[in-house]
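Peer 1: Sequences listed follow chains A and B, in order.
All residue numbers for the first sequence refer to our numbering, where the first residue is 1 and numbers rise by one.
All residue numbers for the second sequence refer to our numbering, where the first residue is 1 and numbers rise by one.
Heads up, a few of these hints could be off.
What the hints assert, rightly or not - Between beta-carbon pairs, the in silico distance windows are:
(1) A:Glu175 to B:Val87: 15 to 25 Å
(2) A:Asp63 to B:Gly22: 51 to 61 Å
(3) B:Val37 to A:Asp134: 33 to 43 Å
(4) A:Pro78 to B:Ala86: 23 to 33 Å
(5) A:Glu81 to B:Lys206: 36 to 46 Å
(6) A:Lys86 to B:Gln176: 35 to 45 Å
(7) A:Arg60 to B:Asn143: 46 to 56 Å
(8) B:Gly60 to A:Ser152: 19 to 29 Å
(9) A:Thr51 to B:Thr55: 47 to 57 Å
I should point out that these hints are in silico values taken from the structure, not numbers from a laboratory.
Cβ coordinates follow ideal geometry from the N, Cα and C atoms, glycine included.
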Amino acid sequence: MILIIGIPSESPVERLCDTCKAEQIPYLLLDQRRQDRWSILPDRWDADNSTISDGDWTCRLKDFSGIYLRTMDHRLVPGYECRVNKQQIDEQYLRLIGLLDMATAPRIANRPSPMMSNNSKPYQAQIIRQSGLDIPDTLITNDSREALDFISSYDTVIYKSISGTRSIVKKTDAESLKAIDRIRFCPVQFQECIQGTNVRVHVIGTTAIATGIESDATDYRYAHPGEKTALLTPFMLSRDLYTQCITLSRSLNLPFSGIDLMITREGRVVCFEVNSCPGYSYFESGAGQPISKALAEYLSPSYL
Amino acid sequence: MILLIAHHHDREAQRLVTAIAGEGRKALLLLPEALGVDYGVSLRINLPSVIFRITPYEQGEPITAPAVSLLINRISWSDPVVWDQAVKKEKEYVASELNAFFAAFIYAFSCPVINPIEHGCVYSTNLSASLTTAFAAKGIFLNRGRWDIEGEAADIITRCYRLLFFAGECFIPLSQQIDEAFHPANLPFSLREGYPLIELFLFRNKNGIQIVHFHRAPDLSLYPSPVLTRIIKMSASHDLDHRNPQRIAG
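This is chain A alone, in the form it adopts within the complex (with noise of 0.2 Å):
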């Protein structure tokens, strides 16, 4: 049985319930929206044998063959700030997450401590490149003079944020240079940037599915009907670059994960991130690729 945790009418957590019932899997889910009627008892000797109930149901965990986590801040869950026990429902979700980080007998998609890399990029821009693929040339600086130095040396350089903040990437232009001493205070990331086709490929367990993305946008996640598109098709990996994916994946302790990679006209395959909990449902509508499928049969009884 899988155990499913997060908001049911979510996209990714909607579409892994659809699969599991097409499919035939069974799973039980754990939904945010009851939060306030959860009940996680930790075994302090044995974690798989600890208890999470919704309520309604009253499961051991190792009674699940796999777990799904994803979670969003159980603060913003509408009717968290108007429960008189929120208390106890932060303490539930410090019990779950120990549990998860702990636990040995389900397959984990993902334990909560390594999703935590995706908050830092240049820290995860340094595993990656560890793993031995490329990554964009990056310079993360508070000094203006040496951000002017850096993109004086590219045709086009663009700016994002370094944190796990989502902010839209943008091209520094005449425009945000005059701005440039104000990054004294808040060192800011800048990279070459580099044209290509985007290629989102999801990692499950030892398997790659990768879909490639056209579009004419920065940044094709902001690409919207009427001004920029994008268009999403499956695409086929190189034998060595699928594997490299999967290791870098393992590698972080991500047995679900999205990487974000770029191939250039010239044949640069070069990485930008690991996303520690992707929203896969976009790629899989787009391009029709069966990612919850495989992320089913992954965290199933009968995964191999």
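With chain A's structure known, arrange chain B on it following the hints.
Peer 2: Leaving out everything else, chain B in the frame of chain A:
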């Protein structure tokens, strides 16, 4: 040079700089909160190399990797105090950027790092799963409910038994009476992974021994001098990349 990265309110870090200087070694204290005020910093990452540079604004030459033989990381979440007047949302953004930057920056050092970066975080509210499991296997559990050190919990902290683990060894504060139940020799575990410097606060009640608090920026003056000596010794072995012992630093 031994580089200390510590918060502006960490008085122990300043004391450590003095103590290290007293041992004839050069030490530099870097405060994340003073970025842009006292110094500038750059980190360049590309396929062949990772290069960083610290540029003091007032005096001294820029500092690069070869100059640093040991990094002592004492920071948890950094509050960007120079942004105090900014709107809340902007300050929150800067805080997450600053903390993400320092995680990457500290990870960029190939020299030995006391309190290395794990999972891209400078801070951690959890002991690692493997350590928690190792403690649990020996009947010593985390009591998460007592990690809030306000009020009643603060009282518990004052009645705790403290232990410092460093590089596989265990130390007790100079002023602390030895309690056989907590004595390092009687504790059936050793910490040899991932946390070269960690102070544990242990509490005993009818349920047994519990870990009620831990942190990675202890007051070393409470501990016997061999701790500092061992820390300084760590800076001697700079020929390997300590993130990957198979590889030469560079």
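Peer 1: Taking the hints in turn, state whether each one holds.
Peer 2: Each hint tested on the structure:
no.: 1; hint: A:Glu175 to B:Val87: 15 to 25 Å; result: 22 Å, holds
no.: 2; hint: A:Asp63 to B:Gly22: 51 to 61 Å; result: 59 Å, holds
no.: 3; hint: B:Val37 to A:Asp134: 33 to 43 Å; result: 36 Å, holds
no.: 4; hint: A:Pro78 to B:Ala86: 23 to 33 Å; result: 29 Å, holds
no.: 5; hint: A:Glu81 to B:Lys206: 36 to 46 Å; result: 37 Å, holds
no.: 6; hint: A:Lys86 to B:Gln176: 35 to 45 Å; result: 37 Å, holds
no.: 7; hint: A:Arg60 to B:Asn143: 46 to 56 Å; result: 22 Å, violated
no.: 8; hint: B:Gly60 to A:Ser152: 19 to 29 Å; result: 27 Å, holds
no.: 9; hint: A:Thr51 to B:Thr55: 47 to 57 Å; result: 55 Å, holds
Checked against the numbered hints given earlier, this structure breaks only hint 7.
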